[in-house]
Amino acid sequence: MSTPVVYRTDEFPLPDSQRNLIRWTVYLGFAALTVGVAQGLAQALNYARIDLFHYYPGMRSYYEGLTVHGVFNAIVLTFAFANGFIALTTARGLGRPLNGALLMASLGALALGSALVSIAMFSGHASVLYTFYPPLQASPAFYLGLALIVISTWITSINIFLTVARWRREHPGARIPLLAYMSMMVYVFWDISSIGVAAEVVGMLLPWSLGWSAATDPMLGRSLFWLTGHPIVYFWLLPVYVSWYAMIPRQVGSVLFSDSVARIVFLMFLLIIPIGFHHQFVDPGLSPGLKFMVAVMTFVVFIPSLLTAFSVMYSLEIGGRRAGGRGLLGWFFALPWSDPSVCAQILAMLAFLLGGITGLMNASYEMNLEIHNTAFVPGHFHMTVGAAVALSYMGIAYWLVPYFEQKRLWGARLARWQAWIYFVGVLIFARGMISGGLAGMPRRTAIALVSYPIPESWKLAGILVGVGGALMSVGAVLFFFVLFMTTFFSEPAAITDIPFTSTYVGPALEGWQPRLDRLRIWIGLAILMVAIVYGPFLVHHLPPRVVSMPFRAY
Amino acid sequence: MEAYEKLFLWFSIALLALLLVALAYTSFAMHVHVPGDAGMIMVKPGQTLAGAVLTTPPFDHPGLRQLGPGRYEAVMFGQAWSFYPREIDVPAGSEVTFRATSVDVTHGFFIPGTRVNMMLIPGLISVTSYRFDKPGTYLLLCHEYCGLLHHTMNAQVVVK
Ligand code: HEM
Ligand SMILES: [Cu+2]
Ligand SMILES: [Cu+2]
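Those protein sequences? They're chains A and B, same order as listed.
Taking my numbering, the leading residue of the first sequence gets 1, the next gets one more, and so forth.
Taking my numbering, the leading residue of the second sequence gets 1001, the next gets one more, and so forth.
Do not take every clue at face value.
Restricting the straight-line Cα-Cα distance to at most 25 Å, the calculated cross-link-like pairs of lysine to any residue (SDA-like) are [unchecked claim]: (1) B:K1044 x A:A215; (2) A:K459 x B:L1149; (3) B:K1134 x A:S457; (4) B:K1134 x A:E456; (5) B:K1044 x A:M549; (6) B:K1160 x B:H1061; (7) A:K459 x B:G1113; (8) B:K1044 x A:L210; (9) B:K1134 x B:V1158; (10) A:K459 x B:G1136; (11) B:K1044 x A:H541; (12) A:K459 x B:L1139; (13) B:K1160 x A:P207; (14) B:K1044 x A:L538; (15) B:K1134 x A:P455; (16) B:K1044 x A:G211; (17) B:K1160 x A:P453; (18) B:K1044 x A:V546; (19) B:K1044 x A:W212; (20) A:K459 x B:V1158; (21) A:K459 x B:K1134; (22) B:K1134 x A:M367; (23) B:K1134 x A:I454; (24) B:K1160 x A:S451; (25) B:K1044 x A:F551; (26) B:K1134 x A:A439; (27) B:K1160 x A:S213; (28) A:K459 x B:R1115; (29) B:K1134 x A:E370; (30) B:K1044 x A:P207; (31) A:K459 x A:A439; (32) B:K1044 x A:G203; (33) B:K1160 x B:K1044; (34) B:K1160 x A:E370; (35) B:K1044 x A:E456; (36) B:K1134 x A:L438; (37) A:K459 x A:M361.
These are computed hints drawn from the structure, not numbers from a lab.
All chains, full assembly: derive it from the sequences and hints.
And the structure:
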């Protein structure tokens, strides 16, 4: 009685040329991660007061490396992975190819954008960190590169929307298959979210860095940045949700509980885009009322997360019980931990649980006073994006790369070790960062070089960060090693399909459910929400208060 | 849906409600407030931001002034990579209102171990207050990246 999340289960007609474009897109992301990890190691050791970055060839400062880490890991890796993986899941969901030219254009924009950004960063003309708050000013290549990277995601969206629209024309009255629905929603969500940073980069920063305007408005830049900067974390996360909802159940020999719960979760994210002001709780120039409203809205994010926890736990439990697990927790240990793809992603989920709890602490408006911009924050987000997301990418790669290469995965045992080492590393790292943050240790700071005496409590915290970060780096290196060996030294295997699950309660053709697929209403509502939160701010703030001249002392 | 699933959902909703109530309680009943809108620096045509800050009261006279018994106002600004003034001395038990801004980039204004934590954004004035009960030397840190020597940007609050 279960319904597959894809349109056709028999075959997957994706031309080799398209699979290759998707493959290079994903590999571009992993290449960025190698550089990002190398920087991460230096940063973690910095918190242990070991000045390694000094010895990195060509690095002018801690902050040049930190900019590279943020941009490569949080922007290039994540966008590349989404562009590739979600294009693939769309095609699989609909059982039809995508538009090859658009795949090529998206990869081209991403590659060119990454190259421009790299040139700016590595030549020391863009040490502005990945948040690039004006009036810190980078060279035009940096902003142009960022714009191109965002454009690559828009091209991918066009590709996905066109493909879905064609499929709907070919199948009037049919429900969009769940896998394609989730994939499409990732990009609907992101397109609306990206308006803020697009306006900031193209409307303010690029012309300013070209010298067309002399001064700029820091507060406006910051607010536009966070309009996108908060929802961007769900753009990192949602492709992983696609895997947790639509693939993991199958990989553990189970099913997804409900089609409509999955759709509702993805829809809910659309309605909570405008909560970026919670990154600005301690900013001047914003009323306490606005801050309070956003604090309340932020807690709503909890709901889709709980629904997800429920859905995913249901699938895992059924899988574990089918495999002979008994008792309250026996099913958990009976899961197929020996499959590195499953192992990495379950560990990712555990990290997400802890990350979610610290996220709640972050979001509470009062707590924020204690921990804003302290090391607590990187402690939190290495459990979310640094582990829940990154470790899931690694888990997905353990079936995706074999599919790309048409080879068997090399070293499954090592791959399992890899996931565990990275996971344990993150826990130690986060423990250090969080305790340091609670003791007032700031983030984004070359602690190894500070000019004031350091409190004892930071020292111990810093050592944990260093040890955890070193373990994470070992985990990451093993990941690249497994991919390398798989690509070059593994046996060929004909892998014609990718994992996808079925739902226990499938989609209905009648009643309220088909309304979930009528996107116009939902998109309208999402834009309305953004207008309700940002409209009054903009009315109050505009015209731009161009008070700041460029600052390039980095 | 099975019974325990429903239970799970209700539990989550109750937890969420509880959190919201706690949040509202701390902000209204306990008077814990995050810094709000405290005015801005007007930059006239032809003027630099630094020029505007240094001619806008009270930033034309940065430093500590007594407002009343046990109440002080510390007027400060951040400039890459220092705070001015670099040291504030107050007696123990003083309630200090920090009124601060930046003359160049965005800086942070953070005293670990207290509730003093705000951003200094060019063109905007930030205000927060805190009662220093325990004597000692408090570190005032810039905790937002502000360029090459960001990590050296600090000052002190000495409570005697
Ligand atoms: C070996 C693995 C990693 C290590 C050792 C590491 C270490 C660090 C450290 C120590 C910081 C704090 C730097 C500071 O605030 O001064 C940091 C920041 C950051 N990390 Fe990682 N990291 C790793 C992997 C990742 C991954 C996989 C991601 C995302 C996919 C990520 C995203 C970030 C971001 C967005 C920041 C903030 C940058 C900023 O403040 O501008 N990191 N990392
Ligand atoms: Cu500063
Ligand atoms: Cu600073």
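Hint by hint, here is what the structure shows:
1. B:K1044 x A:A215: Judged against 25 Å, a Cα distance of about 13 Å means the pair holds.
2. A:K459 x B:L1149: It holds: about 21 Å lies between the C-alpha atoms, which stays within 25 Å.
3. B:K1134 x A:S457: Given that 25 Å is the threshold and the Cα spacing comes to 19 Å, the pair holds.
4. B:K1134 x A:E456: Holds, at about 19 Å.
5. B:K1044 x A:M549: holds, 14 Å
6. B:K1160 x B:H1061: Holds: K1160 of chain B and H1061 of chain B sit about 24 Å apart, inside 25 Å.
7. A:K459 x B:G1113: holds, 16 Å
8. B:K1044 x A:L210: holds, 24 Å
9. B:K1134 x B:V1158: Holds, at roughly 10 Å.
10. A:K459 x B:G1136: Measuring from Cα to Cα gives roughly 20 Å; hence the hint holds.
11. B:K1044 x A:H541: holds, 17 Å
12. A:K459 x B:L1139: holds, 16 Å
13. B:K1160 x A:P207: violated, 51 Å
14. B:K1044 x A:L538: holds, 22 Å
15. B:K1134 x A:P455: The hint holds at about 17 Å.
16. B:K1044 x A:G211: holds, 21 Å
17. B:K1160 x A:P453: This hinted pair holds, its Cα atoms lying about 20 Å apart.
18. B:K1044 x A:V546: holds, 11 Å
19. B:K1044 x A:W212: holds, 20 Å
20. A:K459 x B:V1158: Holds. K459 of chain A to V1158 of chain B sits at ~23 Å (cutoff 25 Å).
21. A:K459 x B:K1134: Answer holds: K459 of chain A to K1134 of chain B is near 23 Å, not above 25 Å.
22. B:K1134 x A:M367: holds, 21 Å
23. B:K1134 x A:I454: holds, 19 Å
24. B:K1160 x A:S451: Roughly 24 Å between the alpha carbons, so the hint for K1160 of chain B and S451 of chain A holds.
25. B:K1044 x A:F551: Judged against 25 Å, a Cα distance of about 20 Å means the pair holds.
26. B:K1134 x A:A439: holds, 17 Å
27. B:K1160 x A:S213: The hint is violated at about 49 Å.
28. A:K459 x B:R1115: Given pair K459 of chain A, R1115 of chain B holds - Cα atoms ~22 Å apart, limit 25 Å.
29. B:K1134 x A:E370: holds, 18 Å
30. B:K1044 x A:P207: holds, 22 Å
31. A:K459 x A:A439: Holds: K459 of chain A and A439 of chain A sit about 11 Å apart, inside 25 Å.
32. B:K1044 x A:G203: Status holds; Cα separation ~23 Å.
33. B:K1160 x B:K1044: violated, 41 Å
34. B:K1160 x A:E370: holds, 24 Å
35. B:K1044 x A:E456: Given that 25 Å is the threshold and the Cα spacing comes to 47 Å, the pair is violated.
36. B:K1134 x A:L438: holds, 19 Å
37. A:K459 x A:M361: holds, 24 Å
The structure fails hints 13, 27, 33 and 35 (numbered hints given earlier, in ascending order).
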